[in-house]
Amino acid sequence: MDKFKSMLTKPWMSYLVALLAMGGAALTVSVVPRSLFAFLFFIGSVLLVYYLPLSTKAKLFFVLIGTLVLMPIIGSFNLYYMNVATQVGIYVALALGLNIVVGFAGLLDLGYVAFYATGAYIYAIFASDQAGNFIHFAKFPLAGEWFWVFLPLSLLAAGITGILLGLPALRLRGDYLAIVTLGFGEIIRIIFNNLDKPVNITNGPKGITPIQPPALFGFTLNKPIYYYFIVMGIVFFVIFVTRRLEHSRIGRAWAAIREDEVAARAMGIPLLRTKLMAFAIGASFAGMMGVVFAAKQTFIDPSSFTFMESIGVLAMVILGGMGSIPGAIVGATAVVMLQSQVLKSFSEFLAQLRDSGILNIPTQLEPAKFERLVFGLILVVMMIFRPQGLIPAKRREMELLEEKADRPAKGEES
Amino acid sequence: MALLEAKGITKRFGGLVAVCKVDFALEKGQIAGLIGPNGAGKTTFFNVITGIYQPEEGSLNLDGKSLLGLKPEQIASRGIKRTFQNIRLFANLTAVENVLVGMHTNLKENLISILLKTPKVRHEEEAALQRAFELLTYVGLKGKENELAKNLPYGAQRKLEIARALASHPKVLLLDEPAAGMNPKETVGMKDFIRRIRDDLGLSILLIEHDIHLVMGISDTVTVLDYGVNIASGSPDQVRKDPKVIEAYLGPGAAEHDERGA
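The listed protein sequences correspond, in order, to chains A and B.
Going by the numbering used here, the first sequence opens with residue 84, and the numbers climb by one from there.
Going by the numbering used here, the second sequence opens with residue 32, and the numbers climb by one from there.
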């Protein structure tokens with residue numbers, strides 16, 4: 084990579100490489116209708132731009148072009164890619180949220196999906212006739228315009244849930260914290276599962292449906308492309324917040340707590356408050372995405388928010404590289420592709436072989452049935468050979484302006 | 032009135048009395064040494080001052096205000112900073128970041144202002160970075176600013192830990208065996224370094240150290256603990272001649288040996 088970088092001596096060369104890569108990827112994706120590799124090529128080209136020696140503005144420009152112009156155009160005549168991209172986007176936001184808790188602050192949270200569920204249920208209850216069971220002065224479902232109110236509302240609600248769960252849990256450390264968060268994650272799911280009596284709030288295991296799609300000025304936004312843009316909007320918001328925080332007083336306090344709690348306290352960092360902040364901010368991202376999930380699916384039930392879902396998001400963070408923003412993005416992409424796409428398409432391929440009589444594999448041995456097994460094996464292999472993740476977190480190099488750096492320290496002359 | 036004053040501090044762990052009715056005072060701008068054999072309760076006493084342990088009895092005041100019942104982070108923000116016997120840096124952060132964490136209590140940024148990146152936040156961050164670089168230059172780590180703390184050599188880590196503690200302009204600096212694991216030459220360097228930060232910054236320093244040359248060489252007052260009891264305190268000369276100290280800690284003949292050394 085570095086060698087390649089050193090070849091790009093002039094800025095225009097970088098621009099050319101970026102254009103070629105993204106253009107080529109876009110072309111491939113639009114020509115090949117349903118290919119994972121084409122999609123990966125597309126993601127890869129965006130990643131390449133990230134590594135090119137370009138200014139931040141130029142990088143941002145290319146990424147915005149790729150995600151907000153190219154992808155929607157391709158997606159509008161090929162829904163497959165649009166759905167994959169939306170799915171990836173949802174998990175990118177979740178992974179970035181958990182990355183704050185696990186990667187930045189070093190708090191192992193195994194119940195992260197609880198906050199996702201909180202956001203989803205808050206919207207689902209009020210955007211279906213479910214709320215009519217216990218609120219009688221208003222008419223439900225609320226209009227789709229309320230979606231935009233519920234986005235910040237669920238951000239706050241999930242953040243507050245994070246603080247409430249964190250208050251008792253964050254007094255513990257390491258393994259104990261992991262167990263307690265696991266417990267809380269399950270408790271939240273079971274509450275949603277049982278809150279259909281005495282008053283029917285969540286409709287229990289039957290789930291809530293139909294949930295209003297979002298609307299804007301009376302116009303219903305229920306096509307995949309609208310969800311894509313909503314998801315991307317949230318993803319960019321989450322990346323923005325995470326980046327601002329990472330190299331601030333708060334981000335440094337999180338890192339300090341992760342590295343050494345005793346030393347962090349000796350530096351005047353309030354332990355519980357700083358941890359709660361990480362917990363709440365991570366939770367709020369999940370809550371916001373929960374609203375989108377509920378609206379997009381139009382149906383939710385407790386089985387969407389199991390422990391395995393938390394583990395999946397955690398795997399994304401660890402696979403990508405703990406504490407690394409590009410890592411979380413790549414990790415989320417990799418896991419989503421792996422879980423929902425790679426093995427499925429391999430299964431389909433084998434099924435084709437069977438149908439044409441070339442190869443006879445019993446249905447019990449279909450690769451899709453071994454999804455978890457293969458996923459687990461990949462995780463094990465990753466942890467052995469690249470424990471720091473696909474894109475490990477790097478500390479930012481800090482420099483002063485030249486004339487400032489050369490000025491001697493105050494006490495030095497004496 | 033002394034800057035930092037402890038009276039009758041007692042700390043028990045179950046049946047063991049780790050620190051028993053210890054009186055201690057640190058005047059502004061002075062260096063106070065705390066010595067004693069292994070297990071004498073020195074570090075326990077340190078941990079009481081920094082709020083890690085709460086004493087069962089006694090009073091503890093900084094500038095006349097009680098520190099009892101405060102948490103470690105609250106005591107740190109009152110202006111008492113410390114280093115650790117076994118270096119506790121933020122290993123995977125760079126040297127500069129370690130110092131910036133040390134400034135935590137001085138910075139005013141909050142969640143909202145960080146997200147909005149207000150001009151105030153930007154100026155504060157720039158000033159903090161500037162000061163962090165200056166401090167690193169001051170302690171002799173110029174050019175190592177962006178090294179990860181864990182990759183620094185041992186002596187540099189000791190200095191970085193002190194720089195981190197100094198970052199917030201503390202009133203009192205507690206050094207827990209700053210010369211531990213150093214060779215004689217490095218120890219002399221550390222002695223000069225401690226004296227220099229006191230002189231330059233007008234700090235008051237409390238020092239735990241096993242190296243008698245170091246303690247006797249730079250301390251204005253020395254307190255000796257043995258089995259948690261304060262058996263002597265006074266100027267280095269007084270303490271050195273105290274028969275109880277010679278018996279309990281230094282051993283016969285140590286006084287002569289030490290005069291030669293100093």
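It cannot be assumed that every hint is accurate.
[To be verified] DEER-style ranges, computed between Cβ atoms:
| # | chain 1 | residue 1 | chain 2 | residue 2 | range |
| --- | --- | --- | --- | --- | --- |
| 1 | B | Leu47 | A | Pro470 | 39 to 45 Å |
| 2 | A | Gly127 | B | Arg226 | 29 to 35 Å |
| 3 | B | Gly186 | A | Leu255 | 46 to 52 Å |
| 4 | B | Thr149 | A | Pro475 | 27 to 33 Å |
| 5 | A | Pro470 | B | Pro184 | 24 to 30 Å |
| 6 | A | Pro475 | B | Gly186 | 25 to 31 Å |
| 7 | A | Leu456 | B | Leu47 | 50 to 56 Å |
| 8 | B | Asn117 | A | Thr139 | 55 to 61 Å |
| 9 | B | Leu47 | A | Leu255 | 36 to 42 Å |
| 10 | B | Pro150 | A | Ser138 | 55 to 61 Å |
| 11 | A | Leu255 | B | Leu146 | 44 to 50 Å |
| 12 | B | Asn117 | A | Leu250 | 51 to 57 Å |
| 13 | A | Phe217 | B | Ile143 | 31 to 37 Å |
Since the hints were derived computationally from the structure, they do not count as laboratory data.
Bear in mind that the values here come from a model prediction, so they are computed numbers and not experimental data.
No residue lacks a Cβ here, since even glycine has one placed at the ideal position from N, Cα and C.
Could one say that the CB atoms of leucine 47 of chain B and proline 470 of chain A fall in the range 39 to 45 Å?
holds, 42 Å
When you take the CB atoms of leucine 255 of chain A and leucine 146 of chain B, is the distance between them in 44 to 50 Å?
At 29 Å between Cβs, range violated.
Assuming the hint says 29 to 35 Å, is it satisfied by the Cβ distance from glycine 127 of chain A to arginine 226 of chain B or not?
violated, 58 Å
Starting from the range 46 to 52 Å, see whether the pair glycine 186 of chain B and leucine 255 of chain A falls in it by beta-carbon distance.
Since glycine 186 of chain B and leucine 255 of chain A have Cβ atoms about 37 Å apart, the given range 46 to 52 Å is violated.
Go ahead and decide if the range 25 to 31 Å is satisfied by the Cβ distance of proline 475 of chain A to glycine 186 of chain B.
This hint holds: roughly 28 Å between Cβ atoms.
Taking 24 to 30 Å as the stated bounds, is the beta-carbon spacing between proline 470 of chain A and proline 184 of chain B within them?
Between proline 470 of chain A and proline 184 of chain B, where Cβ atoms are some 26 Å apart, the hint holds.
Take the C-beta atom of leucine 456 of chain A and the C-beta atom of leucine 47 of chain B, compute their distance, and say whether it sits inside 50 to 56 Å.
Holds, since leucine 456 of chain A and leucine 47 of chain B (Cβ atoms, about 54 Å apart) stay within the stated range.
Is the distance from the Cβ of threonine 149 of chain B to the Cβ of proline 475 of chain A consistent with 27 to 33 Å?
holds, 32 Å
Cβ separation of asparagine 117 of chain B and leucine 250 of chain A, checked against the hinted range 51 to 57 Å:
violated, 32 Å
Between asparagine 117 of chain B and threonine 139 of chain A, is the Cβ distance one that fits in 55 to 61 Å?
violated, 41 Å
The hint says 55 to 61 Å between proline 150 of chain B and serine 138 of chain A; measuring C-beta to C-beta, is that right?
violated, 22 Å
CB-CB spacing for leucine 255 of chain A and leucine 47 of chain B relative to the 36 to 42 Å hint
Since the Cβ atoms of leucine 47 of chain B and leucine 255 of chain A sit about 27 Å apart, the hinted range of 36 to 42 Å is violated.
Checked against the numbered hints above, the structure violates hints 2, 3, 8, 9, 10, 11 and 12; every other hint is satisfied.
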